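Chain residues, written in single-letter form:
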Amino acid sequence: MEIIVLIKQVPEIGEAKIDPKTGTLNRKGISLTINPIDLNAIELALQIKEEQGGKIRAITMGPESAEKALREALALGCDEAFLLTGQEFAASDTYATAYALAQLVTFLKPWEVIITGEKAIDGDTGQVGPAVASFLNIPILTYAIQCQLVNRCLFLIERTIESGVQRITLPPPFLITVTKGMNAPRFPTLRGKISARQQEIQKFNAQSLGISVDSIGLSGSPTRVVKVENFKIERKGKILKDMDPVLMADQLVQFLVERGACK
Amino acid sequence: MNHHLLIIGEIHRGKVEPTTFEILGAAQQLRNKGVEKVGVFFGSGKINIEELQKPLQFGANYVYGIKNPIFDELAFHQSTQFIINVIQKFKPTIILAAATTRGTTLMPYLAAKLHTGLTADCTGFDIDSEDGSLLQIRPAIGGNIMATIKTRTFPQMATVRPNTFKPIQSEYPDSTLVIEEDNTTYSSGFIKNEFIEEDNNLDIAKAKILCSGGRGLKNATNFSLLEELAQCLKGCVGGSRVAVEQGWTSFPHQVGLSGKTVSPEFYIAFGISGAIQHLAGMQTSRYIIAINRDPEAQIFHLADFGIVGDVLEILPQVIRILKQRKNK
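Each protein sequence line maps, in turn, to chains Y and E.
So the first sequence is numbered by my numbering: it starts at 1 and just counts up by one.
So the second sequence is numbered by my numbering: it starts at 1 and just counts up by one.
To be clear, the hints were calculated from the coordinates, so they are not data collected in a lab.
Since the model is a prediction, treat every value here as computed from it, not as a measurement.
We put the beta carbon where it would ideally sit given N, CA and C, even for glycine.
Wrong hints could be hidden among the right ones.
As the list claims (entries may be wrong) - Footprint (simulated), chain E over chain Y, 3 or more residues, beta carbon under 8 Å:
#: 1; stretch: 55-69
#: 2; stretch: 92-104
#: 3; stretch: 199-210
#: 4; stretch: 217-226
#: 5; stretch: 241-250
What the hints assert, rightly or not - Here are a few chain Y residues that face chain E, going by a calculated C-beta distance under 10 Å:
#: 6; residue: Leu46
#: 7; residue: Gly123
#: 8; residue: Ile194
#: 9; residue: Val257
#: 10; residue: Arg259
#: 11; residue: Cys262
With the rest of the complex left out, here is chain Y (with noise of 0.2 Å):
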């Protein structure tokens, strides 16, 4: 089975706080991670390859410093990597970014199952799968929670959806995009560690593939980010303490039934 595998490095919001003066994200010292729900697709890739054999590459756009996120995934048991960098990518919307990655994804033909996260917690949009899917002109399958192969040539796929399950079973391609939930990453090894230092990462920038500017970076990007505000969430709420545990309950059950949560 070949595979591919789309990931993204973001910075690891776990250890952030918010800056109580402005209320944004303090990003200082934060360190970049490949975002937590890819590791979830690598793992899916490396269950299929143990069952069924055959390659993994993963790929990933993004500064030159990206290239620790795909050795990472190369530690983990990716086979090999792929960085699309470049000054010409920065500022890629979902569009622009989906398209990046879908011109790389076709010049790594052939492949089967291209795997990737559900979204990204930076970003926060879960376009991009979906995007490249559109992009290459394969069927999409979000937000799965079960991945298995029925045959070599057919793969049974569960999905989350606001009613219940979606059980699908179809053949490759397909692009899916796995949750958090599905599985459980499993860690590096010190040889993979080890051995992931010497591999080559093949970078790519858009002179190489053959990717116009115009269709990439700002230029490329049909959105445009015109304000950002900070959004200092402060509700001044009633805060009760030092009371007896019996009265506090009492207000709480209070407060629900005066706006009518005990209809």
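Could you slot chain E onto chain Y? The hints should help.
Frame of chain Y; chain E shown alone:
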């Protein structure tokens, strides 16, 4: 600019979903700013006239339905083509859909095909008074920043966060409803496609009241008290990442950036200190109630009502008082 706004409506088991009416509410707010025409498209094998007339009472100028089961297959790579045909027919300048699992999959697939931009999960809209373009407002970076986004291509597309807008009743003269029956059988490309319905109560994103718990509840037995509370309030149970990692509840119940974003009427948080990812996932709730031992807990900054105290003391008391009220 005179906008023509098309909503990609959702229909489930023949019923129009609440999110469709919510987006109609968002569209109504833009009426006097340049949105002249509002339409709703539905595609489903289970379409009936009575149900499809409802959007006309909430500000739609027209409803257009295609009756064919291919839309119910959720095979987006196939249904996208039909929707492109609809878009070419009506030529909207704005397309909105709900940020549900369906909308967030279909819309990026569609936008890429239409070579246009898409903004995810918007919580506000406006029209730029200078150039007339749609201003799309969404929380970013953990919800502590509100970003306003413009699209320089057409149509301007966005998904709309559920539970954010309220439907507004209004009817327009000459509103129309057209349903086309397409009896062709289209292939989804899936070998098998089954739907397993699950109790809707489990969907925390739809809950009006969410009783949520975290580390402070200490163990699964204490956590299960939330079930009891949720029953009293006819709500759902949610959990922080810790609660899911500890196995006190399952992943579909996780609130936060790596779980689900929720916006219920009442969010009641027991023993949740309020990590940034958690707060980002629930801060648009109408009323936030927090109970925590630590007076410095971040969640108190968001609370409309808070109790500094031992959740293991407070929670059973709240349940007791609610039950007493009911028995009266």
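Query raised in the report: Against chain E, does the stretch 217-226 of chain Y show at least 3 residues with beta-carbon separation below 8 Å?
Result: This one holds; 6 residues, not fewer than the three required, reach chain E with a Cβ under 8 Å.
Query raised in the report: Taking 10 Å as the limit, does the beta-carbon of Ile194 (chain Y) come near enough to a beta-carbon in chain E?
Result: Where the cut-off is 10 Å and the nearest Cβ of chain E is about 30 Å from Ile194 (chain Y), the hint is violated.
Report task. Return the status of the interface hint for Arg259 (chain Y): holds when the least beta-carbon distance to chain E is below 10 Å, violated otherwise. Result -> Holds - the Cβ of Arg259 (chain Y) comes within 10 Å of chain E, reaching about 6 Å at its closest.
Query raised in the report: Per the coverage rule (Cβ-Cβ under 8 Å, at least three residues), is the stretch 55-69 of chain Y covered by chain E?
Result: violated (count 0)
Query raised in the report: How about Val257 (chain Y): closest beta carbon in chain E under 10 Å, or not?
Result: For Val257 (chain Y), the interface hint holds, since the closest Cβ of chain E sits about 8 Å away, which is under 10 Å.
Query raised in the report: With 10 Å as the cut and Cβ atoms as the points, is Cys262 (chain Y) at the interface with chain E?
Result: holds, 7 Å
Query raised in the report: Do at least three Cβ atoms from the stretch 199-210 of chain Y come closer than 8 Å to Cβ atoms of chain E?
Result: violated (count 0)
Query raised in the report: At a threshold of 10 Å, is the proposed contact between Gly123 (chain Y) and chain E supported by beta-carbon distances?
Result: holds, 8 Å
**Report entry** Cβ contact check, 8 Å cutoff: the stretch 92-104 of chain Y against chain E, three residues minimum
**Finding:** Held - the stretch 92-104 of chain Y has 5 residues with a Cβ nearer than 8 Å to chain E, which meets the minimum of three.
Report task. Test coverage of the stretch 241-250 of chain Y by chain E using CB-CB distances below 8 Å; three residues minimum. Result -> holds (count 8)
Report task. Report holds or violated for the interface hint on Leu46 (chain Y), using the least CB-CB distance to chain E and a cut-off of 10 Å. Result -> Violated, about 20 Å.
Hint violations for this structure: numbers 1, 3, 6 and 8, all remaining hints satisfied.
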